[in-house]
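Colleague: Turn these sequences into a full structure, and let the hints steer you where they fit.
Chain by chain, the residues run as shown.
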Amino acid sequence: MTNSRHSLPPRAFSWIARIVLPRAFRERHGKHLVDLFAENWLAESRHRTKSGMARLFAVESLSLLRNASREHVMVWRLTRKNRSGRSSLMKSLFNDLTYGARSLSRNPGSALIAVIALAMGIGLCTMMFSIFYGMFYRGLDVPEADRLAIILETNASQNQTKLGVPPHDYYDWLEQQQSFEDLAALYVAGVNLTGPEGPERFDGGFVTANTFDILRVTPLVGSTFRDFDDLPGAPLTVVLGHDLWATRYESDSDVVGGTVRVNGEAATIIGVMPEGFEFPAEQDLWIALRDSRAEVEHRRDNAILRVVGRLREGVNWERAELEMNAIAERLAEQYPEANAGIGARLLTFVEFDTPHDQVYFGIATMVFTTVLVLLIACSNVANLLLARAALRTREAAIRAAIGARRFRVLMPFFAEAVVLAVCGSLLGIGIAYYGTAVFSDALVGTGKPYYMRITVDLPILAWVLAITVLTALASGAAPAWRVSKADVSGVLSDESRGSSSLRLGMLSRALVIGEVAMSCALLASTGIPTKGIVKLNTYDYEFSTDDVFTSRVNLFEIDYPSRTDRALFFRNLEEALREVPGAESVALADMLPSMCCLNRRFMIEGETYAAERDVPYAASASITPDFFSAFGVDVSSGREFRRMDDAEAAPVAIVNQRFADRFFHGENPVGRRFREGRADSRQEWKTIVGVVPNLRMEGFDPGVDAAGYYVPWEQRDRTWATMVVQVRGGDPMAVTQSVRDIVRSLDGDLPVYQVRPMADVLWSGNWYFTVFGVLFVVFGIAALFMASVGLYGVLSFSVSRRTNEMGIRMALGAGAADVVRLVLRQGVTHLGIGLAFGLVLSIGLLVAVAPLVFESAPFDWTVYAGTLVVIVSVGLLASVVPAFRATTVDPVEALRAE
Amino acid sequence: MNTRALSVPVFQILVSLSDRQLHGYAILRDIKRRTEGEVSLTASTLYSAVNRLLDSGWIRESDERPAPELDDERRRYFAITDEGLQALRQELWRLEWMIGTVRDKSIRPMSPKDA
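So the protein sequences, as listed, match chains A and L. When we follow this note's numbering, the leftmost residue of the first sequence carries the number 1, and every step to the right adds one. When we follow this note's numbering, the leftmost residue of the second sequence carries the number 1, and every step to the right adds one.
Rather than coming from a laboratory, the hints here were simulated on the basis of the structure. Keep in mind that this is a model prediction, so the values were computed, not measured. Don't take each hint at face value.
Cross-link-like lysine-lysine pairs, in silico, DSS-like; alpha carbons within 30 angstroms at most [what the hints assert, rightly or not]: (1) A:Lys162 x A:Lys448; (2) A:Lys31 x L:Lys32; (3) A:Lys448 x A:Lys531; (4) A:Lys50 x L:Lys113; (5) A:Lys50 x A:Lys31; (6) L:Lys32 x A:Lys50; (7) A:Lys448 x A:Lys535; (8) L:Lys113 x L:Lys32.
Modeller: Laid out in structure tokens, this is it:
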């Protein structure tokens, strides 16, 4: 029994009992209660398992909590009965709270700062955690989403880890695999819908019939795809998304069973999905993906599918991946020329949708920085409360001296902390909701996965609130505890020790150094994104971005079966667009600057390549002759494309500067020739006729090379075109209606989509630099604000405590300068130590956030210099003000207090 | 018939103490044995009930002790008082009376385990 008393559970039980039981009960039965538990524990431990013992402990502890609260209620009822008319416990609590609020309002500045600090800490932290969670952890909102896998192909020899799957492989997998309940396949693409409602363009998902069953989602109206809907040559069927159904069909259930033309082909609408289901990204509708194996020439053709599987009960991830790879190996043996080197890989949806790990780390770092903001906020509040506690030692001592119970002595300290925490929390919750909503709005239309919802997550909010409120209470508790332990007569008899005997100085100094370090790190890591934003907004794109209208059309191959039909349509379109009022220059292209194109392999005439993988590649675009003039770009050497560079003429190309530098090493490439394809290519040689600036053919991804080339529109067969109209003066979007009218006059079934000015095109590629940059700037300002008030608060507090000392020094002949120096020295020391820590911390932060920054260079000395200047000047200011205040101390006043 | 029913812990503690004096752990064991494990009080429930029973004067702390060699000096022994015995007998009467009120109905008791 003696032993069991000292084992952990009985001790824990006794600890809980000491905390939760009312005092009277505890004094009367506490020891026996704990003994009884220990005795019972020992007896039970002989014939119970470990988990049984854990259950026993849980049952006993919960029962203890329940009984304790019942005893508390009884005590409360008794006291209320006994002293009806006099103040009850609740009433005195309330009194303390109002007292706390009132005493805080006597010094509204510092209280307000503390509340704002707490609010920013809570708000930013909750917001960032919610963003982080929403982007990377919430995952799919379907039953047992953790058993869903995306399966892609890999090619180790080419370093490819996310290859699309061709239909042949999908159907072979489907037949051979055992690990999954079922496998679905899908790809996403824009689709044209035509019908009585007019032509419109939507984001479609082409999915095998079993997709919805694998996801275990059910339709709102009608049905999802039936088994036969994806058979080869099956009549086309579609399932509508909720938004499309609501906007295009006004939520009319009768639309199910009706027909609509999808990319020119008649399709039957068989169902409508519930609101919010937009699998996998922002899909408006789903089209049955029919088995097309018979239509393709080679096994690897159409390798655009992603395969989705639901793991069978009892099969784990690793086993499934092994099996899929075993199947891939079998296929490689069976079809060596198509499948050699092809492996399979399982990914979660989040892994698939996360652009790259760097973004994950960048955002994780931002989460970390908000934790820093929260820490700074908490240390500010702690500082404030410490400072106030020091001033109240006497008051507390008097309370204790006239016989107040410890609880009553401590309450006022807690009361202030509680008032601050409640106000800060309320404001912080507001900031969290607002910030999250703004961020969420910024993500609309960026093609994010449908399940990625950025909302304030209540568990996260609760967690952050709990931490903050606990910190606030703990910082209330620290001074309160010391005050309550202080030697009452000592404090009362010696005026000066009223504050200094608390020895709060150490803690307070540590807080300031920590604050300076964290703010320094935050500011430095803010500086880089700020520079990035400034750079982005003042960036010279080498092409005009303000006066260009863009939009797209996509031809149905059913209506324009041959290359000549399509070429004719586009020639007519370009001609007609020239007549648009206000149009300065008109062009068609298969891309836009910053939103470019696929890479193609090519070989330069006269060069030899040792291996297949040494054959270079570059971005490849096709444009009509006026493309460069529409963007106000001059050809830097050679000539532009001309009308006569048509399908019959000799193939030509214009390359960008990076292409020329990289593949011709500074020599003028005009006149040189290259041809597309690999070593065995039989394509015609293209003669380089001109060089243009880079024009952001790489988009905004720093990992992509900017090299690229252009070919004449008519020398490449295209089914879609981006219309580019340079508009003279004013708003480029003013031509929208004319463009729509022109397209309708040529073909009434063609939707015009992605109608936007060039500035929006750029934004769609670089929004996240701005969004994350602004977030960082907000964090940085918050940190700077908090660190400055924190520094100021602590220094002025320490000066005020030393008023006597200053008075004596000055009475003994010290000049104002000596006093200032004394105070400054303290401030500067704190600053220096804090800065040293902060710079080290900031290097780590900067490396991590770099991917979220536009054209970043993590080791930018100007940012460090700026950070140092800001922190040092704020720190000095915060030190100088109290220092000068110290010189105004009247020696006589100071000494009288002694 | 206006006697309030006794709570399970209070009732069982009174029953355990009805014929002898016991300490806390012995009460727990006695209740467990008599109810064949159906009623198993936690330490805090026992002492919460003991507290109320002491306050209402239905039990008291006993001065008598067993032989020193059997005793553990930390233990407190409890004894039922006359009021406690009276309350227990009233409860027994109440229970019997309750059963009596259904006797001419054709309803049979059922163990919760069979539900």
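Colleague: All hints, please: hold or fail.
Modeller: Here's how the hints hold up against the structure:
| no. | hint | verdict |
| --- | --- | --- |
| 1 | A:Lys162 x A:Lys448 | holds, 18 angstroms |
| 2 | A:Lys31 x L:Lys32 | holds, 23 angstroms |
| 3 | A:Lys448 x A:Lys531 | holds, 27 angstroms |
| 4 | A:Lys50 x L:Lys113 | holds, 27 angstroms |
| 5 | A:Lys50 x A:Lys31 | holds, 26 angstroms |
| 6 | L:Lys32 x A:Lys50 | holds, 22 angstroms |
| 7 | A:Lys448 x A:Lys535 | holds, 26 angstroms |
| 8 | L:Lys113 x L:Lys32 | holds, 18 angstroms |
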